[in-house]
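Visitor: Protein chains in written order, with the working numbering: chain A, 1 to 306; chain B, 1 to 306.
Derived from the structure by calculation, the hints contain no laboratory data.
Keep in mind it's a predicted model, so treat the numbers as computed, not measured.
Even glycine gets a Cβ: it sits at the ideal position worked out from N, Cα and C.
Take these hints with a grain of salt, some might be off.
Stretches of chain A that chain B covers, calculated by requiring three or more beta carbons in the stretch to come under 8 Å of a beta carbon on chain B [unchecked claim]:
| hint | stretch |
| --- | --- |
| 1 | 100–106 |
| 2 | 119–126 |
| 3 | 265–272 |
Label-pair ranges, simulated between beta-carbon atoms [said to hold, decoys possible]:
| hint | chain 1 | residue 1 | chain 2 | residue 2 | range |
| --- | --- | --- | --- | --- | --- |
| 4 | B | E153 | A | Q32 | 57 to 63 Å |
| 5 | B | E153 | A | T260 | 45 to 51 Å |
| 6 | A | P163 | B | N203 | 53 to 59 Å |
| 7 | B | A17 | A | D301 | 56 to 62 Å |
| 8 | B | G237 | A | R273 | 33 to 39 Å |
| 9 | A | P212 | B | A176 | 43 to 49 Å |
Chain A stretches covered by chain B per the calculated footprint, using a threshold of three residues with CB under 8 Å from any CB of chain B [unchecked claim]:
| hint | stretch |
| --- | --- |
| 10 | 61–67 |
| 11 | 149–160 |
| 12 | 234–245 |
One-letter residues, chain by chain:
Protein chains: 2
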Amino acid sequence: MKITFCCTDTKAEPWLAGLRAALPEALVELWQPGAAPADYAVVWAPPQAFLDEQPQLKALFNIGAGVDALMLLRLPPGAQVVRLDDAGMSVQMAEYVCHAVIRHFREFDGYEADVKQGKWSYRKPRARADFPVGVMGLGVLGERVARALRVFEFPVMGWSRSPKALDDVRCFAGPAQFDDFLAASRVLVNLLPLTPETEGILNRATLSRLKPGGYLINVARGAHLVDEDLIALLDSGQLAGATLDVFRTEPLPAGHPFWTHPKITVTPHTSARTLREESIAQIAGKIATLERGEPIAGIVDPARGY
Amino acid sequence: MKITFCCTDTKAEPWLAGLRAALPEALVELWQPGAAPADYAVVWAPPQAFLDEQPQLKALFNIGAGVDALMLLRLPPGAQVVRLDDAGMSVQMAEYVCHAVIRHFREFDGYEADVKQGKWSYRKPRARADFPVGVMGLGVLGERVARALRVFEFPVMGWSRSPKALDDVRCFAGPAQFDDFLAASRVLVNLLPLTPETEGILNRATLSRLKPGGYLINVARGAHLVDEDLIALLDSGQLAGATLDVFRTEPLPAGHPFWTHPKITVTPHTSARTLREESIAQIAGKIATLERGEPIAGIVDPARGY
Chain A
1 MKITFCCTDT
11 KAEPWLAGLR
21 AALPEALVEL
31 WQPGAAPADY
41 AVVWAPPQAF
51 LDEQPQLKAL
61 FNIGAGVDAL
71 MLLRLPPGAQ
81 VVRLDDAGMS
91 VQMAEYVCHA
101 VIRHFREFDG
111 YEADVKQGKW
121 SYRKPRARAD
131 FPVGVMGLGV
141 LGERVARALR
151 VFEFPVMGWS
161 RSPKALDDVR
171 CFAGPAQFDD
181 FLAASRVLVN
191 LLPLTPETEG
201 ILNRATLSRL
211 KPGGYLINVA
221 RGAHLVDEDL
231 IALLDSGQLA
241 GATLDVFRTE
251 PLPAGHPFWT
261 HPKITVTPHT
271 SARTLREESI
281 AQIAGKIATL
291 ERGEPIAGIV
301 DPARGY
Chain B
1 MKITFCCTDT
11 KAEPWLAGLR
21 AALPEALVEL
31 WQPGAAPADY
41 AVVWAPPQAF
51 LDEQPQLKAL
61 FNIGAGVDAL
71 MLLRLPPGAQ
81 VVRLDDAGMS
91 VQMAEYVCHA
101 VIRHFREFDG
111 YEADVKQGKW
121 SYRKPRARAD
131 FPVGVMGLGV
141 LGERVARALR
151 VFEFPVMGWS
161 RSPKALDDVR
171 CFAGPAQFDD
181 FLAASRVLVN
191 LLPLTPETEG
201 ILNRATLSRL
211 KPGGYLINVA
221 RGAHLVDEDL
231 IALLDSGQLA
241 GATLDVFRTE
251 PLPAGHPFWT
261 HPKITVTPHT
271 SARTLREESI
281 AQIAGKIATL
291 ERGEPIAGIV
301 DPARGY
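The shape of chain A in the complex, shown without the other chains:
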């Protein structure tokens, strides 16, 4: 069995060594143009030329939660695309989102600014009932985030394509219930996959439906958001602020207004990082399962796009 590794922007050696250690019977190689085709591929943003050379590929393992970039390419006909379905990412996402929600709710940015001026300030406690959080996308990451927010007793809503049921989370589903979901939310957390249907879903019309003083946390993809609509809603006072981890172009270009907007917190796509050891263990386990002819989790439905 041959496994090929083709991940741009990733140091290959530790991945190759880890995959070799986890699957000692496999031949694990860094892809080079013209190399013999492989049975399995571990990829991140591979070039089309790589895919065109893999006629016998059984599965492509994407080392990230979002497969949107991969789904834009022509894939080998027999190959299934497999997402990492957790591999230590969901706990990071829960951390990132809870930190952002708590920081906003508890006004820690405001206290910090006061302390910088040597000011011991008093702020009236806010009621968490006034800060319902809506989570868009209830996959592995969204469900984990929703459950973590409940630990802090926020009212939590969820919205997903197909109906879901989660304890203590008010679930909405499909386009018909999207407006009701938005109207019930004050803090909006985006964890949707990026597909043609969800591109630009965070825009003036949708973000305007949030409760007054709305707050956006985008941890999915930059292309979900219409940048200029967010800025207009922040500047008009309709939205209170935003925490953004993902952008249409990454790194966020110099001079982009998000860098310096006083109501926007920017982080450099760090909300849920791919953890090498956990990912290698998961991919090796799935390859072994496929080799035994058994089903695995995380296979992408090309029609849905995730």
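Starting from the structure of chain A, add chain B where the hints point.
Guide: Then chain B, alone, in the frame of chain A:
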């Protein structure tokens, strides 16, 4: 039945109205020197003169989690001191501590400083196994904090005076196990009651026992900490940082080095605020229970001091 209210630094009217609504059969009054003695008192930092005028008091309800200031006074002989045992404070404490731990672990201060300089930075993910969190004090607040930290999969230790057992938390007890507890912790969260035994417990000797790169979060009382020892350990690089919500003198005096220390985050005693509605409901419920001759939770043991 008469209830008297004597809370410094607190707007009395909403408390009086709330207590009257919750206990319509009671006479609820704001204390004035020379007033007729009451059966129950709701207090925060009352003067000794107030206590000296209350010979028939059955219970003193302290509107905060810490009763250290009250325990320094001469109390009426028949009066029990009752702490608020949650009243919405434990969820706030869990929020505050999780926010501080996540912020430190995920290096969000560092990212923020980079973004301010227009820098899209990369930092190697840290392993949460390297950030065991030790919680000092496993009462209502400490237990809630420990459980919330487990949601984010940190290794969590607890230390308390008497032995406790908590799922997924490694528990230490008593002076004999204190050094082992400290040596197993990298992030130290202080939630102890302030008593003669715990005053100054956060000092050069104890804080030096933490794992390298130790981090202190003090959300109990300022007098638990020897201020100059913390500064020396931060300046020598032995400790990585601290988040402090409580201080020996509050408001923190102008010119105190904590205000501007680059490794210290200061907040103005805001980690867990007394929430009026929840507190009134709890106090009213306990008075009704006592009037029926039944036992209540939260009675302070004068020998222990909490």
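Visitor: None of the hints should be skipped; say for each whether it holds.
Guide: Hint-by-hint comparison with the structure:
no.: 1; hint: 100–106; in the structure: holds (count 4)
no.: 2; hint: 119–126; in the structure: holds (count 5)
no.: 3; hint: 265–272; in the structure: holds (count 5)
no.: 4; hint: E153(B) <-> Q32(A): 57 to 63 Å; in the structure: 39 Å, violated
no.: 5; hint: E153(B) <-> T260(A): 45 to 51 Å; in the structure: 35 Å, violated
no.: 6; hint: P163(A) <-> N203(B): 53 to 59 Å; in the structure: 57 Å, holds
no.: 7; hint: A17(B) <-> D301(A): 56 to 62 Å; in the structure: 59 Å, holds
no.: 8; hint: G237(B) <-> R273(A): 33 to 39 Å; in the structure: 27 Å, violated
no.: 9; hint: P212(A) <-> A176(B): 43 to 49 Å; in the structure: 56 Å, violated
no.: 10; hint: 61–67; in the structure: violated (count 0)
no.: 11; hint: 149–160; in the structure: holds (count 3)
no.: 12; hint: 234–245; in the structure: violated (count 0)
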